[in-house]
Amino acid sequence: MVNVPTIAARELRAYFYSPLGYVVLAVFLLLQGIVFWLFMSFLSQPGAPPGAVMQYFFGGTILFWIAVLGVTSAATMRLVAEERRSGTLEPLLTAPVTSSEVVLGKYLASLGFFVALWVPTLLYVAILRGYADARPEWGPIAAGYLGTFLEGGAFLAVGLLASAMTRNQLVAFILAFVFAWAIMLLGVLENLVSSEWLKATFKHVHLFRQMDDFGKGIVDTRHLAFLVSLTAFSLFATVKVLDARRGA
Amino acid sequence: MISVQNLTKRYVDTHAVEDLSLEVKEGEVLGFLGPNGAGKTTTIRMLTGFLRPTSGTARVAGFDVVDDSLEVRRRIGYLPENIPLYPEMRVDEYLRYRAALKRVPRGQRQANVDRAVELCGLREERRRIVGTLSKGFRQRVGLADALVHRPPILILDEPTVGLDPNQIREVRELIRDLGQDHTVLLSTHILPEVEMICGRVAIIHRGRLVAEGTPERLRQQLEGGGRVVVELRGPGVDGAEAGAALEKLEGVASVTARRRAPDCELEVVVAGDGDPREAIFRLAVERGWVLLGLRRDAASLEDIFARLTTEETTDAASAPEPAAPPPAPAEGQPSTGEGGHGAEGGGGEGESAQGRGTAESTSDAGGECGDGGNLGTEGER
Numbered sequence: 022m023v024n025v026p027t028i029a030a031r032e033l034r035a036y037f038y039s040p041l042g043y044v045v046l047a048v049f050l051l052l053q054g055i056v057f058w059l060f061m062s063f064l065s066q067p068g069a070p071p072g073a074v075m076q077y078f079f080g081g082t083i084l085f086w087i088a089v090l091g092v093t094s095a096a097t098m099r100l101v102a103e104e105r106r107s108g109t110l111e112p113l114l115t116a117p118v119t120s121s122e123v124v125l126g127k128y129l130a131s132l133g134f135f136v137a138l139w140v141p142t143l144l145y146v147a148i149l150r151g152y153a154d155a156r157p158e159w160g161p162i163a164a165g166y167l168g169t170f171l172e173g174g175a176f177l178a179v180g181l182l183a184s185a186m187t188r189n190q191l192v193a194f195i196l197a198f199v200f201a202w203a204i205m206l207l208g209v210l211e212n213l214v215s216s217e218w219l220k221a222t223f224k225h226v227h228l229f230r231q232m233d234d235f236g237k238g239i240v241d242t243r244h245l246a247f248l249v250s251l252t253a254f255s256l257f258a259t260v261k262v263l264d265a266r267r268g269a
Numbered sequence: 012m013i014s015v016q017n018l019t020k021r022y023v024d025t026h027a028v029e030d031l032s033l034e035v036k037e038g039e040v041l042g043f044l045g046p047n048g049a050g051k052t053t054t055i056r057m058l059t060g061f062l063r064p065t066s067g068t069a070r071v072a073g074f075d076v077v078d079d080s081l082e083v084r085r086r087i088g089y090l091p092e093n094i095p096l097y098p099e100m101r102v103d104e105y106l107r108y109r110a111a112l113k114r115v116p117r118g119q120r121q122a123n124v125d126r127a128v129e130l131c132g133l134r135e136e137r138r139r140i141v142g143t144l145s146k147g148f149r150q151r152v153g154l155a156d157a158l159v160h161r162p163p164i165l166i167l168d169e170p171t172v173g174l175d176p177n178q179i180r181e182v183r184e185l186i187r188d189l190g191q192d193h194t195v196l197l198s199t200h201i202l203p204e205v206e207m208i209c210g211r212v213a214i215i216h217r218g219r220l221v222a223e224g225t226p227e228r229l230r231q232q233l234e235g236g237g238r239v240v241v242e243l244r245g246p247g248v249d250g251a252e253a254g255a256a257l258e259k260l261e262g263v264a265s266v267t268a269r270r271r272a273p274d275c276e277l278e279v280v281v282a283g284d285g286d287p288r289e290a291i292f293r294l295a296v297e298r299g300w301v302l303l304g305l306r307r308d309a310a311s312l313e314d315i316f317a318r319l320t321t322e323e324t325t326d327a328a329s330a331p332e333p334a335a336p337p338p339a340p341a342e343g344q345p346s347t348g349e350g351g352h353g354a355e356g357g358g359g360e361g362e363s364a365q366g367r368g369t370a371e372s373t374s375d376a377g378g379e380c381g382d383g384g385n386l387g388t389e390g391e392r
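As given, the protein sequences belong to chains A and B, one line each in that order. Residue numbering for the first sequence follows our numbering, beginning at 22 and increasing consecutively. Residue numbering for the second sequence follows our numbering, beginning at 12 and increasing consecutively.
If you are wondering where the hints come from, they were derived from the structure by calculation, not from laboratory data. Owing to the predicted nature of the structure, the values given are computational and were not obtained by experimental measurement. Check the hints yourself; a few may be wrong.
Partial list, computed: chain B residues near chain A (C-beta under 7 Å) [unchecked claim]:
#, residue
1, R85
2, Y89
3, R288
Here's a subset of chain A near chain B, in silico, CB distances under 7 Å, partners left out [what the hints assert, rightly or not]:
#, residue
4, N24
5, V25
6, R31
7, E32
8, Y38
9, G108
10, T109
11, A116
12, S120
Pair by pair, the computed Cβ-Cβ distance ranges are [as the list claims (entries may be wrong)]:
#, chain 1, residue 1, chain 2, residue 2, range
13, B, T68, A, L51, 55 to 61 Å
14, B, L81, A, A265, 14 to 20 Å
15, A, W58, B, R126, 52 to 58 Å
For every residue, glycine included, the Cβ atom is placed at its ideal position computed from N, Cα and C.
Make a model of the complete structure from these sequences and hints.
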């Protein structure tokens with residue numbers, strides 16, 4: 022595993038060498054800024070439902086999910102597909118590194134980029150703290166960020182898997198986006214099935230509900246287990262895909 | 012250092028490498044020669060752990076390429092075909108990254124990068140972005156990458172493809188220098204390259220090893236005593252008489268006329284290890300011919316190569332092979348020296364080698380008998 026930091030550092034730098042990194046960053050912050058402003062103005066009106074701004078910010082709307090899914094798919098589409106297309110996968114895999122090191126290194130880089138995207142949103146918390154009458158509660162905000170980190174982490178792993186399956190970045194993006202939405206919509210099936218235990222199952226994997234919980238400050242270990250398993254499974258599958266390609 | 016045994020790689024519909032056995036000794040520079048599509052890159056990718064063999068084994072520096080791939084990869088400096096590089100990185104940044112990836116200890120990295128940069132003549136280009144480099148410099152960056160962890164073994168896949176003549180010369184000189192203290196496996200489809208750089212040659216065609224040895228030994232092995240070119244002037248030399256008389260001499264396998272007039276030039280294929288030059292001289296004196304020229308014509312490796320690959324094509328023509336045209340019989344007098352090999356030649360991949368033109372192919376009749384002309388059994392016109 023000694024090569025993981027080496028690969029992660031190169032991949033992370035590659036985000037900021039390409040215009041893609043800045044485009045994603047700019048679009049993401051613009052979108053988040055609009056969302057924040059919408060909630061601020063909406064919740065400041067008299068007669069608005071009670072609730073903290075940041076609670077709605079995390080998981081309150083579909084906008085959150087569009088941002089997370091779009092960003093994770095875009096941040097991972099390049100990782101393996103581009104190396105396969107340009108042939109650089111060959112020098113990478115013929116260096117004394119294991120497939121797990123490659124996958125983990127690339128995954129950590131995408132996670133680093135994802136975290137870097139969210140860091141500027143801490144400003145919103147600072148704004149709330151400085152200007153709002155009611156002091157924001159730290160617990161729910163921290164839980165919201167934790168939830169975002171875990172959801173993002175899971176979708177980045179799914180995106181990396183998609184990227185390992187093709188040599189075309191656009192295909193990788195679409196695959197990742199479709200995979201992610203399929204996982205998202207599993208939870209919606211809750212309302213469409215009649216069987217009790219199926220209902221319960223889908224309820225557990227209902228990501229909208231999960232993020233609502235995180236936003237309220239509830240850190241449920243079942244959610245953690247689901248997200249961490251999804252991440253681990255996707256990374257494991259990515260390693261297997263890379264290894265299988267060696268055989269071809 | 013590299014030992015390949017019965018290595019086979021099959022894809023669903025093709026055999027890329029078939030039962031290949033090969034040995035590269037320590038300190039040796041082995042030329043791995045074959046036309047495009049012969050299976051060179053596939054073999055190399057199996058050695059470097061990028062592809063898994065279907066069957067057979069290969070060991071590099073004593074480690075199995077499948078079971079101990081990591082150990083193998085630590086000891087190999089590999090220059091892949093087409094040199095894929097990250098375009099957004101700077102040259103020294105890339106080399107430092109590769110050094111780290113190849114587990115060069117932190118304290119040594121800069122020194123190793125400096126050395127590789129010096130060896131490959133990249134000092135002026137260190138700060139340039141890889142994506143802006145010319146093909147020649149990309150090639151050097153690839154070589155520097157192969158050298159940066161100071162591996163005992165170098166595997167270079169077509170290192171001179173796409174370079175201009177000056178760059179080709181420089182890269183060849185560099186490889187020759189590196190050959191002094193490295194074990195090198197050099198794949199190429201360019202024959203003079205092998206003759207210049209390599210101590211030993213392995214020729215691969217359609218995934219099989221078809222010949223192996225020093226360039227000299229290969230020549231002997233394939234040519235017997237080689238060829239003798241005779242140039243005569245005098246009465247009767249322009250008929251078939253001279254050729255017929257020469258053919259009766261001991262040690263002569265076959266005779267082909269290259270030119271009839273004004274003077275007659277004949278090509279004599281020598282049987283076995285004999286040297287018929289003395290007998291030819293005596294015959295000329297006896298018949299009153301003036302002997303204008305008499306010289307041995309050593310077969311170039313190129314010639315051997317063309318022969319090997321066209322013969323293989325003939326064998327493979329029985330297998331389903333869309334590229335193989337109907338066999339073209341060589342017209343004129345039959346071959347005796349080559350065990351009938353030369354009688355027909357199938358097209359396909361022989362053609363690239365054909366184009367390099369040995370003496371015979373240029374004198375080939377109108378091209379109608381295709382590859383047959385290069386087999387030393389060209390018919391009379």
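Given the range 52 to 58 Å, decide if the beta-carbon distance of A/W58 to B/R126 lies inside it. holds (57 Å)
Go through the hint on A/R31 and say holds or violated, using the shortest Cβ distance to chain B against 7 Å. holds (5 Å)
Given A/Y38 was flagged as interface, is its beta-carbon under 7 Å from a beta-carbon of chain B? Result: holds, 4 Å to nearest chain B Cβ.
Grab the minimum C-beta distance from A/A116 to chain B and call the hint holds if it beats 7 Å, violated otherwise. For A/A116, the interface hint holds, since the closest Cβ of chain B sits about 5 Å away, which is under 7 Å.
Just to be careful: measuring from the Cβ of B/R85 to every Cβ in chain A, is the smallest value less than 7 Å? Check passed: Cβ of B/R85 comes within 4 Å of chain A, closer than 7 Å.
Should the hint that A/T109 touches chain B count as held when the rule is a Cβ pair under 7 Å? Given a least distance of 4 Å, the restraint on A/T109 holds.
I want to verify a distance hint. Is the separation of the beta carbons of B/T68 and A/L51 within 55 to 61 Å? Taking Cβ atoms as reference, B/T68 and A/L51 lie about 58 Å apart, which means the hint holds.
With chain B as the partner, please determine if A/V25 meets the hint condition of a C-beta pair closer than 7 Å. violated (11 Å)
Double-check A/E32 for me: the hint is only fine if its C-beta lies closer than 7 Å to a C-beta in chain B. violated (10 Å)
Report holds or violated for the interface hint on A/G108, using the least CB-CB distance to chain B and a cut-off of 7 Å. Holds, about 3 Å.
Hint A/N24 vs chain B: min CB-CB distance below 7 Å? holds (6 Å)
Would the stated hint for B/Y89 survive a check requiring a Cβ distance to chain A of less than 7 Å? holds (5 Å)
In the structure shown, a violation is registered for the earlier hints numbered 3, 5, 7, 12, in ascending order.
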